[in-house]
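> Modelling step: build the complete structure from the supplied sequences, incorporating the hints.
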Amino acid sequence: MADKKQYWRGIAELENPGLKEQLGKNEFRDPLPTDEFLSDENALHNGQTSRRDFLKYMGFTTAAATLAACESPVYESVPYVVAPEEVIPGLANYYATSYFDGHDYASLLIKTREGRPIKVENNKMAKLNGSANARLQGSVLNLYDSSRLQAPRKGSESIDWETLDAQVIDGLQKADAAGKQVVLLTGSVISPSAQKVIRKFGKQFKQFRHVVVDPLSYSEKLRAWQEATGKRALPLYHFDKARAIVSFGADFLGDWVGQSVSSDYAKTRVPGKDMSRHLQFEANLSLTGSNADQRYKLKASETGLALAELYNAIAQAKGRPTLNLKGKSSQYQAVQKAGKELLKAGAKALVVAGGNNADWEHLVIAINKMLGAEGNTVNVEQRCFLRQGSDQALENLTADMKAGKVGGIVLHNANPAYHRAGNLAFKEALQKVNTRVAITPKANETAQACDFLAAESHYLESWNDFKPADGHYSLQQPTIQRVYDTRQFEECLMRWAGMVGSYREMIQNSWQEGMLRDRSWKEVLHDGVFAAATPLAGATQEPAEQETAQEAQSDGANLDRVAASVSKMAQNASGMELNLYQKAGVGAGMLANNPWLQELPDPITRTTWDNYVALSAADAKELGLRNWNESDGALNGNAVNLTIGKTKLKEVPVIVQPGQTPGTIGLAIGYGRKGLGKVADGVGLNAQQLSVGRAHFAEVEVEPLPEYKHPFASIQHGYTMMGREIVKETDLSTFLNKPAHTAAGDGWNELPEFGTYKGEQAPDKTTLWSSFDHETGHMWNMSIDLNMCTGCGACVVACQSENNVPAVGKEEVRNFRDMHWLRIDRYYSSEVTEEMAEDLSTAELYDQMEKAADSPSVYFQPVMCQHCNHAPCETVCPVAATTHSSEGLNHMAYNRCIGTRYCANNCPYKVRRFNWFEYHNNQERFDVNYSMNEDMGKMVLNPDVTVRSRGVMEKCSMCIQRIQLGKLEAKKNGVPVKDGQVQTACQSACDTGAIVFGDVNDKESKVFQLKGDDRMYHLLGEVGTQPSVFYQVKVTNKA
Amino acid sequence: MHYEAPIRRPLITGDKSYEDITRDVSRPIETNAPRSWWIVFSIALLAFLWGIGCILYTIGDGIGVWGLNKTIGWAWDITNFVWWVGIGHAGTLISAILLLFRQKWRMSINRSAEAMTIFSVIQAALFPLIHMGRPWLAYFVFPLPNQFGSLWVNFNSPLLWDVFAISTYFSVSLVFWYVGLIPDFSMLRDRAKNPVQKHIYRILSFGWAGRAKHWQRFEEVSLVLAGLATPLVLSVHTIVSMDFATSVIPGWHSTIFPPYFVAGAIFSGFAMVLTLLIITRKVLHLESYITREHVELMNIVIILTGGIVAVAYITEFFIAWYSGSNYEDFVYMSWGAATGPYAWAFWALIICNIITPLFLWFRKVRRNFLASFIISIVINIGMWFERFDIIVMDLSRDYLPSSWAMFSPTFVDIGIFVGTIGFFFVLFLLYARSFPVIAQAELKTILKSSGENYKKLQAKEEHGH
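Protein sequence lines correspond, in order, to chains V and E.
Residue numbers for the first sequence follow this note's numbering, beginning at 45 and rising by one.
Residue numbers for the second sequence follow this note's numbering, beginning at 495 and rising by one.
No wet-lab data here; the hints were simulated from the structure.
Bear in mind the structure is a predicted one, so any value in this text is a computation, not a measurement.
Fair warning: there could be bad hints in the mix.
[What the hints assert, rightly or not] Reference excerpt, derived from the structure (chain V facing chain E, CB under 7 Å, subset only): (1) Trp-565; (2) Thr-919; (3) Val-920; (4) Phe-961; (5) Gly-995.
[Claimed, not checked] Covered by chain V, per the in silico footprint, the following chain E stretches (three or more residues, Cβ under 8 Å): (6) 635-646; (7) 652-665; (8) 803-810.
[What the hints assert, rightly or not] Which residues of chain V face chain E? A partial, calculated answer using Cβ under 8 Å: (9) Ser-202; (10) Trp-672; (11) Gly-677; (12) Met-765; (13) Thr-886; (14) Pro-952; (15) Lys-954.
Glycine residues also receive a C-beta, built at the ideal position from the N, C-alpha and C atoms.
Below, the structure written as structure tokens:
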């Protein structure tokens, strides 16, 4: 276009052509003379900055600095580049998997959020070990443990996998070429595919040995079964079929042979005509003994004799020949009684023994056979493979290593330098092996003596298949990409055996070729478990070609020899006996670097962060040892030096334990770690440093240290119920034959009533407050059956994991400031009776009432926020931070809380927990609580639950996040919330079904039925708090 | 003029004229402080600073630095709070109730008693603030309008009642005290030579000119404030006691608490007044005004209130037993307490609060300055133990034995308590050297009726007739 068209911005411009320039000039009057200013160097050097300029510069720099300081913090977050199909932010995914570490086994469901595993749940489809114990509930936290090996190492230096592979293969082949043995030392192997890999790996070498060792030896028990059945495996037990259970030191509700039996046991403990009777003979007061209907103190050295006496009692009744015994056991009468009970139950009887003694086991096998229990409560057809270790083989290996016959060793799931520290000089012998490889998640005691540390993956990062028992299979699948540069055991072996392909493919192929038949791999992977009659193709019948002891098997089962042997043992016993046991939290110590587990109170002593000698009151008096409380109530104890042969354990703290058999002491294994990480290291002492031998008990010299003071971190100081109706109890015959409530008020479950002008009234009727409508909508209630609760503690860890409850460390627990939202109170019975009370002065009476009896009954009572409908906490909060919901829940608004602690003071149940400090991002004080103080550890936090700041009160919310989810799901589907759809964390962790949660306005619900049960009562109902939680009276089946 | 029977003992001893009173009262202000004052002041200041350090440490790190635990959520904090509030009771009682009852003897002690009230309520108010987990949100306890809609304070909570009770009490006491000070400040203003001092007292004296109208208004305001303050004397500690009485914890849940707490508060308040004034009269040479007579009268109030407290203890003990409830077995007044782990605290309370005051029934003891001084301190210790026992012992053994616990203070607990004592004495010492410690204007009104010399004159006159 030749001439540009002109557009005016207005009439003014048309009329006044110079206006635009003029306006422009006015707007930007003087251009800043920067060029001029900066070009004149002289002036710049000599000239003084004018006040105006100075102010300009200052203004600019201040503004710039302010803006720079306002930069919003950048957290490490990476968005999905390609969003995974199955991950919906905010919704959890569940994957079925299995856990096995050579000791604990379980089928689990893993809850993941945005790709992070955050919670362990029970796999209810599993027929065998479908429930996680307290340890496994906490095992998810070990995934995020930064003290795991993060990469393979040679000595203390990190190397890459290629280098490690090359050097390990080289080392092993050199050993093989030199004509030396190549050894694989593992824990029990229950994976058919792993066994295949091991065989393949072993074939490379001329002299290959696979030795298996269990953390706590079961090889004698296994030997007995081998002698009795020809198969070196334990049977499966069916506690659900048992009507009379007699246990000799078997802590089957705690840790026994790996099979989880508590849910089966609980099935027989429902009060009614079919309720089982459980008698326990034991030295330590175990979890199982605490739950028994009758418990008898028996030294381990007398166990064999008592079993033989039981054999004789039953044999006599059945007209069979009896054994020739010398002497009588201290519980002879009780054993006769037990015999009668067993005979009454016939085939529905079950005798089990703890420890690791072939003679005992032979007697048990014979008794069960005689009773007809074999094939009924004892399943010898289906064998259990969870315990396979052979101590003889390990001893032979150690001798060979010492003799320089071993050129290469690969370790996995085995830590003999720790677990056999007292029995064997394993670590010294290991030094004679040229190539030492440990496939391990931690630089643990044995791994520290190896040159190659192959960083092992966590079970949540690994594939595997398991065959814990005949006919039972389960799968392990990863739920997260490997967090560190790790590899699982089988992958390592495959590389070193030159196998191609992945371990997962191998599992999948062998399953699909073998037993799956018409079922799809995906389906089985989804379920996580598989029951098959046909064995997996290619998998061996016998647990691998591992070594077993070459021992005389000819007359092992000769009961006359056994009788002589057990008589001799009882006669020779003279000194103190040490009994090893495992605690609910730490077990054999594999997962010990976990603050949740260290802080899980022992169910019996309620002590955390320690192991200790449990001593009877009589022995304590004799040795001049005691426990005493500081002015702040914290528990202290003296200590002892323990000596067995040449092995010594110094300064072991002492707890005087009611129910401990005089002449015996108990000591838990799994403590005193080195190299596991900051949580576990240095906590307690390693009991297995003493040469206890293969049995779980040994004679021990006890040297008292009455001047020594050890600080304990105990979360309960009271022993007894002080005559208060806290745990209500009745016996079975009363329960069956008498009414719960009578007009005369002498029923076995009388509920509190107050005399008013209107007559006797229930506490919830005598109130000043106006009542609310609890009939409309939901009314969440919880029932806790004290008959079902075994006190195992799984719910406590589940709650901690679900609700981001901090672990506070030993010092703070000692200060009585544990943060558990759910606790399991333990009470002992006292010896005071009503008749006694009349003869005692008040002061003496109170004193006696506080003391536990020498042989106490033990009661467990889970207590969480009772969600009172007339809540004392709610009325006293000045800022209404804790309020009641229309659904019967007591809410806590953390943001509103100013921390007066009045609510906690006024809580009759003392379930409120105050944040005394900042528990997260406070490494200075709470280093051990890595789930809240390390970036990696924080991955375990549940994103649905607030992490509470310091200065606020917190408590059980009845898993409100789960309730909310259940309600929203139901709403989305347009249906009412189904009973059982919402499960609290404690409920879903409880494998005995003691905890039932639901809506009592749903008249079809289980909890509604339970509320109407005769056994129902409210804890401290007479206070009038009208709790939403109620308990079911404990019914014992005493003889 | 007020006529007083000759058999009444004089309230002002020695040959004092109006001018003597003026001079005696203004002497501490117009002279330099002696070395002993500086020493005591320095100690108090150090204690105060130490307390501030401990408070800052608590706020910085969390309540965990105290000795509390999951069962015992209150201990020294609320013990100290109630103790200081209790001490703060005597002032208002003396100035308000005794004013209404026309007890003239209050005139030489009410100023210091009220000062003590104000200073101790300041200490008391500190504890509810710092015992919070998040004291920076303390304003949540005020019913402030906010953007959260219906978010409001919980009027059911006794802690909230405390907020109102204490703040009302503090403001009324402060105003009452200040009103009384006005004529005395003006006296100081008139005498001051230093212009700065003069200026300050001029501001403080509100332009008081001593006109008849001023006096009339003064009297009226005093009477109105006395009327207002009288119910407060009863209400404050009633409400403080409801922190416990309305709860469900055995030992706390007790209907006797309101009257018993009020009596206890007066008991401890008078003891503290005695402690302070026995020293003050000596140090500031006020022996003529704060006489043996005053000490005896205060001791009689202590006997009375102490008696009420003792009866309350016995009632508590009896009812705990009579209830037949085994939850009451270990409340702070019970056999369980007397023989349990806190027996030392129980017996400390009994010895300090029941047994020791019994000596005051002896006329010789209650008219003896040293004995009164020692007993007053013992009572204050006893009253501290009373609150400690109620709070800690009752919490330590409540319903579920599984949660039973014990308490032991940390250095921070002790530091804060010592700090408040330091703060209290810093304030009191400053007061003693800058405020007229005796309400001289009021005192002058009774010189002619209750002064020793005038009484003698009067007696002579009557005798002469």
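> Verify the interface restraint on Thr-886 of chain V: the C-beta must sit less than 8 Å from at least one C-beta of chain E.
OK, holds: Thr-886 of chain V within 8 Å of chain E, min 4 Å.
> With 8 Å as the cut and Cβ atoms as the points, is Met-765 of chain V at the interface with chain E?
holds (6 Å)
> Would you check whether Val-920 of chain V satisfies its interface hint, that is, whether its CB is within less than 7 Å of any CB in chain E?
Holds. Min distance 5 Å.
> Cut-off 8 Å, C-beta pairs, minimum 3 residues; does the coverage of the region 803-810 of chain E by chain V stand?
Not satisfied, violated; 0 residues make the cut.
> Does the CB of Pro-952 of chain V sit less than 8 Å away from some CB of chain E?
This hint holds: Pro-952 of chain V lies near chain E, its Cβ roughly 5 Å from the closest one there, short of 8 Å.
> Please verify that hint: Gly-995 of chain V, Cβ, nearest Cβ of chain E, below 7 Å or not.
Hint holds; Gly-995 of chain V Cβ to chain E Cβ min 3 Å, cut 7 Å.
> With chain E as the partner, please determine if Thr-919 of chain V meets the hint condition of a C-beta pair closer than 7 Å.
Constraint on Thr-919 of chain V satisfied, holds at 5 Å.
> Min Cβ distance, Ser-202 of chain V to chain E: is it shorter than 8 Å?
violated (38 Å)
> The hint names Trp-565 of chain V as touching chain E; please verify it with the least Cβ-Cβ distance against 7 Å.
The hint is violated - Trp-565 of chain V has no Cβ within 7 Å of chain E, the shortest such distance being about 50 Å.
> Go through the hint on Trp-672 of chain V and say holds or violated, using the shortest Cβ distance to chain E against 8 Å.
violated (11 Å)
> Apply the coverage criterion to the region 635-646 of chain E and chain V: a residue qualifies when its Cβ sits closer than 8 Å to a Cβ of the chain, and three qualifying residues are needed.
Result for this restraint: holds, n = 3.
> Test coverage of the region 652-665 of chain E by chain V using CB-CB distances below 8 Å; three residues minimum.
holds (count 4)
In terms of the numbered hints stated before, the structure departs from hints 1, 8, 9 and 10, listed from lowest to highest.
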